[in-house]
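Enquirer: So the sequence lines, in the order shown, correspond to chains R and S.
Going by this note's numbering, 363 is the number at position 363 of the first sequence; the sequence numbering is gapless.
Going by this note's numbering, 1425 is the number at position 425 of the second sequence; the sequence numbering is gapless.
Note that these hints are calculated values from the structure, not bench results.
All clues stand as given, with none of them false.
Straight-line C-alpha distance at most 25 Å; calculated DMTMM-like pairs for lysine to aspartate or glutamate:
#	chain 1	residue 1	chain 2	residue 2
1	R	Lys386	R	Asp83
2	R	Lys153	S	Glu1348
3	S	Lys1263	R	Glu164
4	R	Lys386	R	Glu326
5	S	Lys1263	R	Glu441
6	R	Lys98	S	Glu1311
7	R	Lys153	R	Glu141
If we take Cβ atoms under 10 Å as the criterion, some of the chain R residues that face chain S in the derived model are:
#	residue
8	Val58
9	Ala94
10	Gln102
Calculated from the model, a selection of chain R residues having no Cβ within reach of chain S, i.e. all distances over 10 Å:
#	residue
11	Glu36
12	Glu45
13	Ala208
14	Ala225
15	Thr252
No residue lacks a Cβ here, since even glycine has one placed at the ideal position from N, Cα and C.
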Amino acid sequence: MKRVLLAVALAFATLTPANAQAQSESAASRHDVDVERIVSPAGIEAWLVSDSTVPMVVMRAYWRGGSASEPETLIGVTSVMADMLTEGSGDMNANAFKERLQDLNMSLSFGAGWDGVGMSLTTLSENRDAAFEMARVALHEPRFDAEPLARIKRQMLVSLRTRETNPSYIANLALDQTLYPNHPYARRTNREGVEAIDRAALIQRRAALFNRATLQITIVGDISAADAGRAIDTIFGALPQGARPPEPPDATLTAATPLIVRTLPQPQSLVLFAGPGIQDEDPDWIPLSVANYILGGGGFSSRLMNQVREQRGLVYGIGTGPSVREHVAIIRGSAQTENGDVREAIDVTRAEIARIYRDGATQAEVNDAITYLTGSFALDLDSNMKIANVVHGYQAAGRDIGYVNQRNALIRAVTLEDVNRVIRRLFNPDGFTFVVVGLPEGLEQAAAN
Amino acid sequence: MGQRLIAACIALLALTASAHAREFVRPETFTLRNGLQVVVITDRRAPVVTHMLWYRVGAADEPRGYSGIAHFFEHLMFKGTRQIAPGEFSRTVARNGGDDNAFTNWDYTAYYERIARDRLELVMRMEADRMRNLQFSDETFASERDVIAEERRQRIDNNPGAVLGERMRAMLWPHHPYGTPVIGWLHEINSLDRETALQFYRTWYAPNNAILVVAGDVDAAELRPLAERHYGRLRPTRDLPVRTWTVDPPNVGPMRVTHRDEKVRQPSFSRIYRSTSYGTDTGRQSHALDVAMEILGGSETSRLYRALVEEQRIAVSAGASASSSGLGGGSVSVWATPVEGVTLEQVEAAADAVIANFLRNGPTDVELTRARNLLTANAIYSRDSQETLANIYGASLAQGESIDDVVNWPADIEAVTRDDVIAIARSTLDINASVTGWLLPEEGQ
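Take the sequences, apply the hints, and build the full model.
Expert: Written out as C-alpha cells, the structure reads:
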C-alpha cells in the first residue's frame, strides 16, 4: 500500500514543472508551411505547397461572385450552376461522368457561397493527369442536360419544404432578415426562383463568373512546381481574362432587437445571438480572435462554456465566433437548451457579455488564449487536406502568401490593452440580437420589453 | 458516436511502401506488462501528435436499467482527480495549445488529446492519472446529468428522424444491448446515481482493458519509455469481467413502425436489417457486405439512386449503407425520400424491386471492380490524416479485430468475388430480419 502511495506521489512530483511550462510556447507554435508562389506557362498564378509524403494532390480554386450577386428572379441559380458542372460534361452524361470520377478514385465538386464559387479536387498521384482533365471538362464543357437539371430542381423543391421546420434555417433567416433586411444576404431561394432556373440561365451565370480576373488557386501535395503549372493551364488556361463581377453593396446593420421568438414544436430551443463585427482586414481582427476565445470561442475554456454549461448544466454546448461575409461582419453565438431553461440561459449569456464588457479580460486569460491559439494552429496544418483549407482560405480572404507563417507572431504580440479595446468596441451587450426557435417558456415579458 | 467510422474508412498507412500500393504499412505495436496494448503510427509532417486511449467498454456493457452510464461516465472523466481540479484537465490541455475530447459507442469509450509533440508526456501523465484516480462531487454529478439531458434533446428528441431511428433499433435488437441508445433513455439518465457510475468505472477502467494509440511525430522507440513511466505503473485489474451480452431470439417476421411528428414536412422511408460484422464473422463476409452495399446504395451511381432518383424520378434521395464494424453484430440500412406527390408505398415498392433484382442477378463485373477500387482507395487517402489513422486502428482493435485484419483489409476487399457479394446480400437482405420505418407528418397536416 505504501509503495503505491509513494509511486503516486512521485508521479505527481513531476506535474508541477509541466504546469509551470504551460504558459511557454510549444515547439508546434513555430511550425511553418512552405508556400510558394508559382506562375503557369500561360501566366496564371497559384500558391503551391509541394509535399510528396502521401501520394495525393489537393487543389482548390475560388472565383468572386456568389448567390448574393445573382438576379432577384433567379435566386439559387449560382448554386444550381455549380452543382450542374459535375452532372455531365463533354461526351459523358451525368452518370458516365460520376462513374468516371469513381473509377479514378478522385473527388471533384463545385459549390456556391454568398460571395463566390469554389472548386475542390482531390486525386491520387497515380491518376493525377486524368483527374485534371476531368476538372477541365467540368469547367469548360458542361452539358447542362435537361434531366439532371430537372432532378436538382425536384430536390430543391423538397428542401424548400423541409427547411420550414429546420430550427437552424429558421433562426438564421430571422437573424439575417432582422440585421440587414434589405440586403441580398437576407434572401433565400423560393419556388418561383427554382422554377425559373433554366439552361440559358446556367450558361449565362457560368459565363459571368468563370474568368481569370478573380481566380485564386491553391495546390497541395505530391506535385512539383513545373507539373502544377501545367495542370493549371490544362484546367484554367482557356478561361477568358474577364472582369470582377458586380457585387452587392456593404450591408448596414440595424439596431439590435433584444429578442425574437419563432415557434417550433420541439423540446429544446435553439438560441442564436449576434452583434456587429469587423472585417478580417481590420487592425483589431487578431485581438478579436483572442477576445472571442476568452468569451465564447475556446471550447471548454471559455467564460460562456464555464458559466452556462459547467456551472449550471443548461446546455450541451455554447460558443461564439466572428462571422465574415464580403459585405457584412458580425459576432455570432449559439446554444441549445430545454424550453423551460431558455430564459435563464439567455440571462446568463447576457450577464457574461455584460461582465466582460464592464470589467475586461485578465492578463492570465489573454496569456492562456495566446498559448492556445498559437499552439493549436499546427493541429490545423497536419495534413494536405487541412493545409489546403487553411492556406486557400487565407488566399481567398486576400491575405499575403506569407500570412500562414506570420499569423502566430501577430497573435503573440496581442496585449491585454488590445483585447480590452476590442471588447469595448464589440462586446456591448446592448448590441446583441437574440433569436429563439422552439417553444421557450417565460419569455413573453422579455419579448415585449 | 460515429457508427460508420470503420465501414467507410478502414484503410491505411504505407509511409515506406511504393507510392501506388493500396496497402497498410504495419504500425509499430507493443504491450506493457500490465496488459496495456500500445500502437504507434508515425507521421513526421507536423510537430504534433494524436494521443488516444480506447477502453474496451461501451454502452453495450451497461447493467440493465442503467442505460447511458457508459456515456455519462465519459463526461465524468473530465471532472478531476486528487491532483486535477474539476475542469482542469481540458483547461491544462488548452493552455498547452492542445484540443481534447472523448466519444462513446456501444463497443468502446475513447479519450483523445491532439497537441504539440513536446507536450505529449503531459497528456500521457494526466490520461494515466484519470484511469485510476477519478474524483467528483455529488453536485458535479447532478450538473453533468443536466448537460447530458440537453445533449440527448439536441441529438435525438429535437429530431423526428432520430427518434424514429432509436425506435427502429430497439425493435431490431429487442434483447441485445445494441437496441439501447448509447446516450441512454431519458428516464434512466435522470435516475442514474454516482455510486453506479463509480462501480462502472472501477469495473472496467484498467490498463489491461485499454488500447493506447499515438499517431504523429513520434515513433515506438521514443514513446515506449513515456508509456512505461506513466501507464506502466498502473496495476492491472485481475478480475476483469468477460464481456458477455444477451442475444436476441430468432426473427419471426418483418417488423414495421410509423412515427409521426408535426415537424415532419417530407415523409421518408427507411429499413434496417440485421447483419454480420467485422467483430463477429470469421471470413470475408463483412468485406463482401461492404462491397454489396456500395453497389446497392453507396453513391449516386448506385442501383438504388439510379433507379429511384434518376430513372423513375420518384425519389429525391435513395441509398444504402452497411454498419459492419460492431463487436457483437451489424446492420445495414436502406432509405429513400419521395418527390412531391409520391407516396411512401411507391418508393418502398420501388426499393424492394431494386433489392430483389440485385439478389436475383447480382452485381455486374464493372460494378464489382468499381466498388472494390473505391473502397481500397481509402487506404491511400487515409494516410493523409494522423487522426483518421488513429481512429481506424483504435476502433478496429476495440471492436475485436487485429492489426493484421486492418493491414490486410484492402487485399481482402480485392479478393471479394461476385459469388461472395450475392451470398452475403441474400442472407442479409431478408425481410424477416428487418424493421421498416415510415416517418410521417401528423395526421391531417
